[in-house]
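Q: Each chain is listed here by its residues.
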Amino acid sequence: MDIDYQSKISKVVNGIAPSAIRRFFDLANEMKGEVISLSIGEPDFVTPWNIREAGIFSLEDGNTHYSPNQGYIEVRKAISEYLQRRFELKYDPKSQILVTVGGSEALDLIARSLIDPGDEVIILEPCFVAYKATVTLAHGVPVVIETKEEDEYRLKPEALEAAITDKTKYIILGYPGNPTGATMSREDLAAIKDVLVRHPDIFVVSDELYSELSYTGERPVSIANFPEMYDRTIVVNGFSKSFAMTGWRIGYMAGPAPLVAAMNKVHQYCIMCSPTTAQYAVIEACRNGDKEVDEMREEYNRRRRVIIKGLTDAGLKCFAPTGAFYAFPSIEGLGLSSEKFCERFLMEKKVAIVPGNAFGKCGEGHVRISYAASMENIQEAMKRLKEFVSDLKEENK
Amino acid sequence: MLNRIELLQLVEHNARVKISDLATMLNASEEEIAAELEACKKDNVILGYTTMINWEKTERETVTALIEVRITPQRNQGFDKIASQFYRYPQVSSCFLMSGGFDLMLIIEDSTLREVANFVSEKIAPLEGVLSTATHFILKKYKSNGTLFTQKPKDDRETIVL
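In order, the protein sequences belong to chains Y and E.
Position one of the first sequence corresponds to residue 1 (this note's numbering), numbered consecutively onward.
Position one of the second sequence corresponds to residue 1 (this note's numbering), numbered consecutively onward.
Just so you know, these hints were derived from the structure itself, not from any lab.
There could be a bad hint or two in this list.
Stated by the list, open to error - With the Cβ distance kept under 10 Å, some of the chain Y side facing chain E (calculated, not the full set):
1. Phe25
2. Ala28
3. Lys32
4. Glu34
5. Ile40
6. Arg303
7. Met375
The C-beta atom is built at its ideal place from N, Cα and C for all residues, glycine as well.
Next comes chain Y alone, as it looks inside the complex:
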């Protein structure tokens, strides 16, 4: 039978362009084993043992059932205590916290619960690939602000003001940021808050998945820390990045109770509840994970310095990242698109990194290098990068 499957797929899904760099990822995976990969957006660390063990114990005890939709109250209490202790954020575990399947589900729930068709959502590119897609899938209209290297990829208040219309529903702030490693200081956020105070109908979705990984020497600030913004902010966080728990698929959102209730409604029909084993594990993570988190951060920080030095030595211009585990150097002037650069670097030097255009049009001219990899691999990759850049300069002569 001859069925035109493409025509059966919804317009909105068909409207999402397949990832332009899919081919590159397939290539990188085919060559897995013979290449050094600095392309992966997840920690190379394995989940700390005490956390893994808590998951194992829960299985041994036979805890293999559904949990309440919103997540076990014990988990929500542990998250609430953790947010209070580490970020001075106060949320009621009963009504203000929803345990989700990673931060990604939280982003999806937010989009589906807040957006009516045609509503606009402000997104700062280059950014995590799911921001735009979750909005589009919820029939919203993503409005892109291109953040710039010269601003250290921070959101500028003028740019925000210019992007706001009477259709703006919310803005997604993702700091510390993927792929840039940018952070926003208290002063930077205060300036954004001042704009938003003038537009009281706009909500903020603050994606803080990387909040534990900030290297400024100060504890990271959330826009929800400002009393004027607390009631208008939904904090999205999780355990994937800070506790090296990507595969457990567990995260959460915290925000105003009526919104959390609405999102729980969507959550209960499409997910039921987040994985029970992971929920038991994160109780341990929240209560006894600080030391491991701090140690991982220190190791990332040392790698970050090695990466920045390696990029400088290779002659690439790079804004010095202050958070997450990515560097986002510019490859302009070398005569290659970011995709071509990554492809040739992969084929010629056997190192995988990610083209910047994967994270939005304005990411073109840059590449993302993850330092969630061993120090030896990072050092070797930086050596090869230096050779590669010098080869390119030779060619361009």
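Go by the hints and put chain E onto chain Y.
A: Here is chain E on its own, set in the frame of chain Y:
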């Protein structure tokens, strides 16, 4: 400001990190790192650099023994005098004063079974002040000084779009 503890933690696990790399990792100059390492040696904080070897992978057939020793402390000198009589033997690689059911723990590495037996029966047990000994042999090393002796885990994460 160079953090001495962080520097020590780094060289503790890999004594062969280059000074230039340590300088980058710790955001310090090479001179500062070199001076701090020198100061650590002078202060007897860094006592030496050793190599972690898995002898089981070589043809050498040796054992590691842990010997618990109960002793009578001596007037004015406590346990120190008798401990010094033990740790002067070159085959004793570690010597600790312990709390609990016995007093001294001696570790003998890289010896044969017969050498350990002779050492205990001829050198330790007859010594004045020694009440009893108990010798344990290590059958298999899983982890030592923070290093796993099993296969190193491989990084086989897949590249995915995120």
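Q: For each hint, tell me whether it holds in the structure or not.
A: Hints, one by one, checked against the model:
1. Phe25: Phenylalanine 25 of chain Y check passes; min Cβ-Cβ to chain E is 5 Å, inside 10 Å.
2. Ala28: holds, 4 Å
3. Lys32: holds, 7 Å
4. Glu34: Violated - the Cβ of glutamate 34 of chain Y stays beyond 10 Å from chain E, reaching only about 12 Å at its closest.
5. Ile40: holds, 5 Å
6. Arg303: Hint holds; arginine 303 of chain Y Cβ to chain E Cβ min 8 Å, cut 10 Å.
7. Met375: At 8 Å from the nearest chain E Cβ, methionine 375 of chain Y passes the 10 Å test, so the hint holds.
Figure legend: structure checked against the earlier numbered hints; the only hint not met is number 4.
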